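K.L.:
Sequence:
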Amino acid sequence: MPDWRPVEVLLVEDDDLNLPRKSGLEVLREVKADPVLRTIPVVVLTTSKAEEDVVRSYRLHANAYVAKPADFGQFIRVVCQIDNFFVTVVKLPYQGQRP
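Under our numbering, read the sequence shown as residues 7 to 105, first letter to last.
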(Lines of atoms letter the chains of each structure in order from A and count residues from 1; the text may use other names and numbers.)
(Lines give C-alpha, C1' and ligand atoms only; values in the text may rest on other atoms or scores of the structure.)
Protein backbone atom coordinates (compact mmCIF):
# COMPACT_ATOMS: atom_id res chain seq x y z
CA MET A 1 0.00 0.00 0.00
CA PRO A 2 1.38 3.46 -0.86
CA ASP A 3 2.31 5.81 1.95
CA TRP A 4 -0.91 7.84 1.91
CA ARG A 5 -2.38 9.72 4.81
CA PRO A 6 -5.77 11.37 4.41
CA VAL A 7 -6.63 14.76 5.81
CA GLU A 8 -8.31 14.01 9.12
CA VAL A 9 -10.28 17.24 9.50
CA LEU A 10 -10.66 20.22 7.20
CA LEU A 11 -11.28 23.53 8.94
CA VAL A 12 -13.01 26.01 6.67
CA GLU A 13 -12.72 29.55 7.95
CA ASP A 14 -15.61 31.56 6.66
CA ASP A 15 -15.59 34.92 8.41
CA ASP A 16 -16.43 37.05 5.41
CA LEU A 17 -17.65 34.08 3.38
CA ASN A 18 -14.91 35.07 0.93
CA LEU A 19 -11.44 33.61 0.64
CA PRO A 20 -9.08 35.08 -1.99
CA ARG A 21 -10.50 33.01 -4.87
CA LYS A 22 -13.61 31.38 -3.48
CA SER A 23 -15.69 31.39 -0.35
CA GLY A 24 -15.27 28.87 2.42
CA LEU A 25 -18.74 27.57 1.59
CA GLU A 26 -17.64 27.00 -2.02
CA VAL A 27 -14.72 24.96 -0.69
CA LEU A 28 -17.17 23.00 1.48
CA ARG A 29 -19.47 22.39 -1.50
CA GLU A 30 -16.57 21.15 -3.66
CA VAL A 31 -15.16 18.85 -0.98
CA LYS A 32 -18.54 17.27 -0.28
CA ALA A 33 -19.22 16.83 -4.02
CA ASP A 34 -15.97 14.92 -4.59
CA PRO A 35 -16.31 11.13 -4.11
CA VAL A 36 -12.77 10.81 -2.74
CA LEU A 37 -12.90 13.82 -0.42
CA ARG A 38 -16.48 13.73 0.84
CA THR A 39 -15.70 11.54 3.86
CA ILE A 40 -13.28 14.15 5.24
CA PRO A 41 -15.00 15.93 8.12
CA VAL A 42 -15.36 19.64 7.43
CA VAL A 43 -15.70 22.08 10.30
CA VAL A 44 -16.79 25.63 9.52
CA LEU A 45 -14.85 27.90 11.86
CA THR A 46 -16.26 31.40 11.84
CA THR A 47 -17.09 34.53 13.78
CA SER A 48 -20.56 34.61 12.22
CA LYS A 49 -23.43 33.71 14.50
CA ALA A 50 -26.05 34.37 11.81
CA GLU A 51 -28.60 31.57 11.70
CA GLU A 52 -28.65 31.63 7.88
CA ASP A 53 -24.90 30.88 7.82
CA VAL A 54 -25.39 27.96 10.20
CA VAL A 55 -28.26 26.57 8.11
CA ARG A 56 -26.39 27.07 4.83
CA SER A 57 -23.29 25.30 6.18
CA TYR A 58 -25.25 22.26 7.35
CA ARG A 59 -27.22 22.13 4.09
CA LEU A 60 -23.84 21.83 2.36
CA HIS A 61 -23.02 18.92 4.71
CA ALA A 62 -20.65 20.60 7.14
CA ASN A 63 -19.90 18.25 10.01
CA ALA A 64 -19.80 21.08 12.53
CA TYR A 65 -20.25 24.83 12.76
CA VAL A 66 -18.01 26.37 15.42
CA ALA A 67 -17.86 29.96 16.65
CA LYS A 68 -14.29 31.22 16.46
CA PRO A 69 -13.19 32.86 19.72
CA ALA A 70 -11.69 36.34 19.49
CA ASP A 71 -8.97 35.49 22.03
CA PHE A 72 -6.01 33.69 20.40
CA GLY A 73 -5.45 31.36 23.36
CA GLN A 74 -9.10 30.30 23.32
CA PHE A 75 -8.89 29.88 19.54
CA ILE A 76 -5.97 27.46 19.92
CA ARG A 77 -7.90 25.50 22.59
CA VAL A 78 -10.95 25.24 20.32
CA VAL A 79 -8.85 24.00 17.39
CA CYS A 80 -7.18 21.43 19.68
CA GLN A 81 -10.60 20.27 20.91
CA ILE A 82 -11.82 19.88 17.32
CA ASP A 83 -8.69 17.92 16.46
CA ASN A 84 -9.02 15.74 19.54
CA PHE A 85 -12.67 14.99 18.83
CA PHE A 86 -12.29 14.06 15.16
CA VAL A 87 -8.90 12.34 15.42
CA THR A 88 -9.20 10.58 18.79
CA VAL A 89 -12.90 10.11 19.52
CA VAL A 90 -14.66 9.76 16.16
CA LYS A 91 -14.24 6.67 13.98
CA LEU A 92 -14.07 7.80 10.36
CA PRO A 93 -14.25 5.67 7.22
CA TYR A 94 -11.00 4.96 5.40
CA GLN A 95 -8.70 5.99 8.24
CA GLY A 96 -5.18 5.35 7.04
CA GLN A 97 -6.16 3.96 3.66
CA ARG A 98 -7.25 5.27 0.31
CA PRO A 99 -11.02 5.06 -0.30
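It is possible that some hints are incorrect.
[As the list claims (entries may be wrong)] Straight-line Cα separation of at most 25 Å, DSS-like style, residue types lysine-lysine; simulated pairs:
1) 55 <-> 28
2) 28 <-> 38
3) 74 <-> 55
4) 97 <-> 28
5) 28 <-> 74
6) 97 <-> 55
7) 55 <-> 38
[Stated by the list, open to error] Quick list of the computed label-pair ranges, beta carbon to beta carbon:
8) 58 <-> 97: 28 to 34 Å
9) 28 <-> 95: 29 to 35 Å
10) 53 <-> 95: 21 to 27 Å
FYI, nobody ran anything at the bench for these hints, they're computed from the structure.
All figures in this text were calculated on a predicted structure; none of them were measured in a lab.
Glycine included, every Cβ here is placed at the ideal spot set by N, Cα and C.
K.L.:
Now, for every hint given, state plainly whether the structure supports it.
P.N.:
Structure-based check of all given hints:
1. 55 <-> 28: Cα-Cα ~21 Å, so holds.
2. 28 <-> 38: 15 Å, holds
3. 74 <-> 55: 10 Å, holds
4. 97 <-> 28: 30 Å, violated
5. 28 <-> 74: 20 Å, holds
6. 97 <-> 55: 29 Å, violated
7. 55 <-> 38: Distance of about 23 Å is within 25 Å: holds.
8. 58 <-> 97: 28 to 34 Å: 32 Å, holds
9. 28 <-> 95: 29 to 35 Å: Holds, since residue 28 and residue 95 (Cβ atoms, about 31 Å apart) stay within the stated range.
10. 53 <-> 95: 21 to 27 Å: 26 Å, holds
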